[in-house]
Amino acid sequence: VGFRQYCDWLLFLAKHRDEIDATRFTATAQSYALLYPMQLFARDAVKHLDAPKEIFPFEMIEGGKHANWIIEDVLNSGNFGFHRVGKQRPQEKLRGMWFSYKTTVARSVKFGAIAPQHIRMLPMKKLINRLKIGFR
Numbered sequence: 008v009g010f011r012q013y014c015d016w017l018l019f020l021a022k023h024r025d026e027i028d029a030t031r032f033t034a035t036a037q038s039y040a041l042l043y044p045m046q047l048f049a050r051d052a053v054k055h056l057d058a059p060k061e062i063f064p065f066e067m068i069e070g071g072k073h074a075n076w077i078i079e080d081v082l083n084s085g086n087f088g089f090h091r092v093g094k095q096r097p098q099e100k101l102r103g104m105w106f107s108y109k110t111t112v113a114r115s116v117k118f119g120a121i122a123p124q125h126i127r128m129l130p131m132k133k134l135i136n137r138l139k140i141g142f143r
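Numbered by the working numbering, the letters in the sequence shown go through residues 8 to 143 in order.
For the record, the hints were derived by calculation from the structure and aren't laboratory data.
Because the structure is a prediction, the values reported are computed rather than measured.
Every clue listed holds true.
Pairs of lysine-lysine, BS3-like flavour, derived with a Cα cap of 30 angstroms:
no., residue 1, residue 2
1, Lys132, Lys72
2, Lys100, Lys132
3, Lys133, Lys94
4, Lys109, Lys132
5, Lys139, Lys100
6, Lys133, Lys109
7, Lys117, Lys54
8, Lys94, Lys117
9, Lys72, Lys117
10, Lys133, Lys72
11, Lys22, Lys54
12, Lys132, Lys94
13, Lys139, Lys117
14, Lys109, Lys72
15, Lys139, Lys109
16, Lys132, Lys117
17, Lys117, Lys60
18, Lys117, Lys100
19, Lys94, Lys109
20, Lys133, Lys100
21, Lys94, Lys72
22, Lys60, Lys72
23, Lys117, Lys133
24, Lys94, Lys139
25, Lys54, Lys72
26, Lys22, Lys60
Taking the hints into account, I'd like the entire structure generated from these sequences.
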């Protein structure tokens, strides 16, 4: 997730807060195992970006083990989440594909504790996707 997507989410919630059924929203987020990640994003938005707590249709949480992971990653990864300081994707096709795969998997493993249900299959999905893209 990049800063642009983060801001889009905040703007959407701010604009549509009155239209969102908080109970249903929270139940849906829980059913997809996304409530905890959303709470982390929300907590950091309130703490670091001065977002009002009232825009979030779920209960806020205090900081914890993953407290600053989200905001640090968003601020370090640029507008769309792909910027990596000091790391350039190699120009050669296969080396570039391997670099992208390794970078994505390493980032996924780092954040695996936040949403383990979504991270578990990601390395295999990314590998299959990279192979499809690379050998069209």
